[in-house]
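> Sequence:
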Amino acid sequence: MNITLKVNGKKHTAEISPDDFLLETLRSLGYKSVKRGCDTGSCGLCSVLVDGKPVLSCSYLSARADGHEVTTIEGAGEEAKKVASALVGEGVEQCGFCSPGLVLSILGMKKELGKEATDDQIKNYLNGNLCRCTGYEGQLRGIRKYLEV
Numbered sequence: 000m001n002i003t004l005k006v007n008g009k010k011h012t013a014e015i016s017p018d019d020f021l022l023e024t025l026r027s028l029g030y031k032s033v034k035r036g037c038d039t040g041s042c043g044l045c046s047v048l049v050d051g052k053p054v055l056s057c058s059y060l061s062a063r064a065d066g067h068e069v070t071t072i073e074g075a076g077e078e079a080k081k082v083a084s085a086l087v088g089e090g091v092e093q094c095g096f097c098s099p100g101l102v103l104s105i106l107g108m109k110k111e112l113g114k115e116a117t118d119d120q121i122k123n124y125l126n127g128n129l130c131r132c133t134g135y136e137g138q139l140r141g142i143r144k145y146l147e148v
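With numbering that gives the first Met the number 0, the residue at position 130 of the sequence shown is 129, and numbering never jumps.
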């Protein structure tokens, strides 16, 4: 079956199987920043935005994205740089493997919850974004700093 989707502002038509997941489709289109992690929807590495909301692309059927706007880290532009700067400013030293999914989840969270999100709301929203390099406290401080901007 054919689907049409807009990825980072660029229109694509893709031939997919009904059981293809968005992760596979995006990687086949050349968007290699979308990473494969657990394949169970529990690590957050594969997170992308569909119409501005975070989804786990390893468990999101490609057919559901037909006619929708998908944003990967490459399409997040200056806002992604602001998030990264806030995280680095709080000493969040990461290897970078989880960063694209985490940053996109933060952008979706800001759009949905706004700048007034509480620490508990942030933690709840980002539940499932796993990072092996940090203890999450620095990330929380960085996210708060980013939301204050």
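A hint or two may mislead.
[What the hints assert, rightly or not] With a straight-line cut-off of 30 Å between C-alpha atoms, the simulated DSS-like cross-links for lysine-lysine are:
1) 34 / 5
2) 10 / 80
3) 110 / 52
4) 10 / 122
5) 81 / 10
6) 80 / 109
7) 114 / 144
8) 9 / 34
9) 81 / 5
10) 80 / 122
11) 109 / 144
12) 110 / 5
13) 110 / 9
14) 31 / 80
15) 114 / 52
16) 10 / 110
17) 31 / 144
18) 144 / 80
19) 109 / 9
20) 31 / 5
21) 144 / 122
22) 9 / 52
23) 31 / 10
24) 109 / 10
25) 110 / 31
26) 114 / 80
27) 34 / 122
28) 5 / 109
29) 52 / 80
30) 5 / 52
31) 10 / 144
32) 34 / 80
33) 9 / 81
34) 122 / 31
35) 80 / 110
36) 9 / 31
37) 81 / 114
[Claimed, not checked] Label pairs and their calculated CB-CB ranges:
38) 14 / 115: 42 to 52 Å
39) 113 / 27: 14 to 24 Å
40) 27 / 143: 34 to 44 Å
Rather than coming from a laboratory, the hints here were simulated on the basis of the structure.
Beta carbons are placed, not taken as given, at the ideal position from N, Cα and C, and that holds for glycine.
> Are the hints correct? Go through all of them and say.
Evaluated hints:
Distance restraint check for residue 34 and residue 5: the Cα-Cα separation of roughly 19 Å lies within the 30 Å cut-off, and the hinted pair is therefore satisfied. Restraint check for residue 10 and residue 80: the C-alpha separation of about 24 Å stays at or below 30 Å, so the hint holds. Under the criterion of a C-alpha separation no larger than 30 Å, the hint pairing residue 110 with residue 52 is consistent with the structure, at around 8 Å. Of the pairs offered as hints, the one joining residue 10 and residue 122 is violated, with about 34 Å between alpha carbons and a cut-off of 30 Å exceeded.
Distance restraint check for residue 81 and residue 10: the Cα-Cα separation of roughly 26 Å lies within the 30 Å cut-off, and the hinted pair is therefore satisfied. A threshold of 30 Å between alpha carbons decides the hint, and for residue 80 with residue 109 the separation of about 15 Å falls inside it, so the pair holds. In summary, the hint linking residue 114 to residue 144 is supported, as the alpha carbons are separated by about 10 Å, within the 30 Å threshold. A C-alpha spacing of about 20 Å is found between residue 9 and residue 34, which places the hinted pair at or below 30 Å, so the restraint holds.
Among the hinted pairs, residue 81 with residue 5 is consistent with the structure: their alpha-carbon atoms are about 24 Å apart, no more than 30 Å. Of the pairs offered as hints, the one joining residue 80 and residue 122 holds, with about 21 Å between alpha carbons and a cut-off of 30 Å not exceeded. Under the criterion of a C-alpha separation no larger than 30 Å, the hint pairing residue 109 with residue 144 is consistent with the structure, at around 12 Å. A threshold of 30 Å between alpha carbons decides the hint, and for residue 110 with residue 5 the separation of about 20 Å falls inside it, so the pair holds.
At roughly 22 Å between alpha-carbon atoms, residue 110 and residue 9 fall within 30 Å of each other, so this suggested pair holds. A hinted pair counts as satisfied when its Cα atoms are at most 30 Å apart, and residue 31 with residue 80 qualifies at roughly 18 Å. The hinted pair formed by residue 114 and residue 52 meets the criterion: a straight-line CA distance of about 16 Å does not exceed 30 Å. Of the supplied pair hints, the one linking residue 10 and residue 110 holds, its CA atoms being roughly 23 Å apart against a limit of 30 Å.
In summary, the hint linking residue 31 to residue 144 is supported, as the alpha carbons are separated by about 29 Å, within the 30 Å threshold. For the given pair, residue 144 sits about 13 Å from residue 80 by alpha-carbon distance, which is consistent with the 30 Å threshold. A distance of roughly 24 Å separates the Cα atoms of residue 109 and residue 9; the hinted pair therefore holds under the 30 Å criterion. For the given pair, residue 31 sits about 16 Å from residue 5 by alpha-carbon distance, which is consistent with the 30 Å threshold.
Of the supplied pair hints, the one linking residue 144 and residue 122 holds, its CA atoms being roughly 15 Å apart against a limit of 30 Å. A C-alpha spacing of about 18 Å is found between residue 9 and residue 52, which places the hinted pair at or below 30 Å, so the restraint holds. Restraint check: the Cα-Cα separation between residue 31 and residue 10 comes to about 17 Å, which is no more than 30 Å; the hinted pair holds. For the given pair, residue 109 sits about 26 Å from residue 10 by alpha-carbon distance, which is consistent with the 30 Å threshold.
The hinted pair formed by residue 110 and residue 31 meets the criterion: a straight-line CA distance of about 25 Å does not exceed 30 Å. Between residue 114 and residue 80, the direct Cα distance comes to roughly 17 Å. Compliance with the 30 Å bound is thereby established for this hinted pair. Proposed proximity of residue 34 and residue 122 is supported: the alpha carbons are some 22 Å apart, at most 30 Å. Simply put, residue 5 and residue 109 have alpha-carbon atoms about 22 Å apart, close enough for the 30 Å limit, and the pair holds.
Taken as a hint, the residue 52 and residue 80 pair is honoured in the structure, with Cα atoms around 19 Å apart against an allowance of 30 Å. For the given pair, residue 5 sits about 15 Å from residue 52 by alpha-carbon distance, which is consistent with the 30 Å threshold. With a C-alpha separation of about 34 Å, the suggested pairing of residue 10 with residue 144 is violated against the 30 Å cut-off. With a C-alpha separation of about 19 Å, the suggested pair residue 34 and residue 80 falls inside the 30 Å cut-off, and the hint holds.
Under the criterion of a C-alpha separation no larger than 30 Å, the hint pairing residue 9 with residue 81 is consistent with the structure, at around 23 Å. In summary, the hint linking residue 122 to residue 31 is supported, as the alpha carbons are separated by about 27 Å, within the 30 Å threshold. This hinted pair checks out: residue 80 and residue 110 have alpha carbons roughly 16 Å apart, not beyond 30 Å. Between the alpha carbons of residue 9 and residue 31 the distance comes to roughly 16 Å, so the proposed pair stays at or under 30 Å and holds.
Our distance criterion of 30 Å between C-alpha atoms is met by residue 81 and residue 114, whose separation comes to about 14 Å. The beta-carbon spacing between residue 14 and residue 115, approximately 44 Å, falls within the hinted interval of 42 to 52 Å. At about 35 Å, the beta-carbon gap between residue 113 and residue 27 misses the expected band of 14 to 24 Å. For the pair residue 27 and residue 143, the supplied restraint of 34 to 44 Å holds, since their beta-carbon distance comes to about 37 Å.
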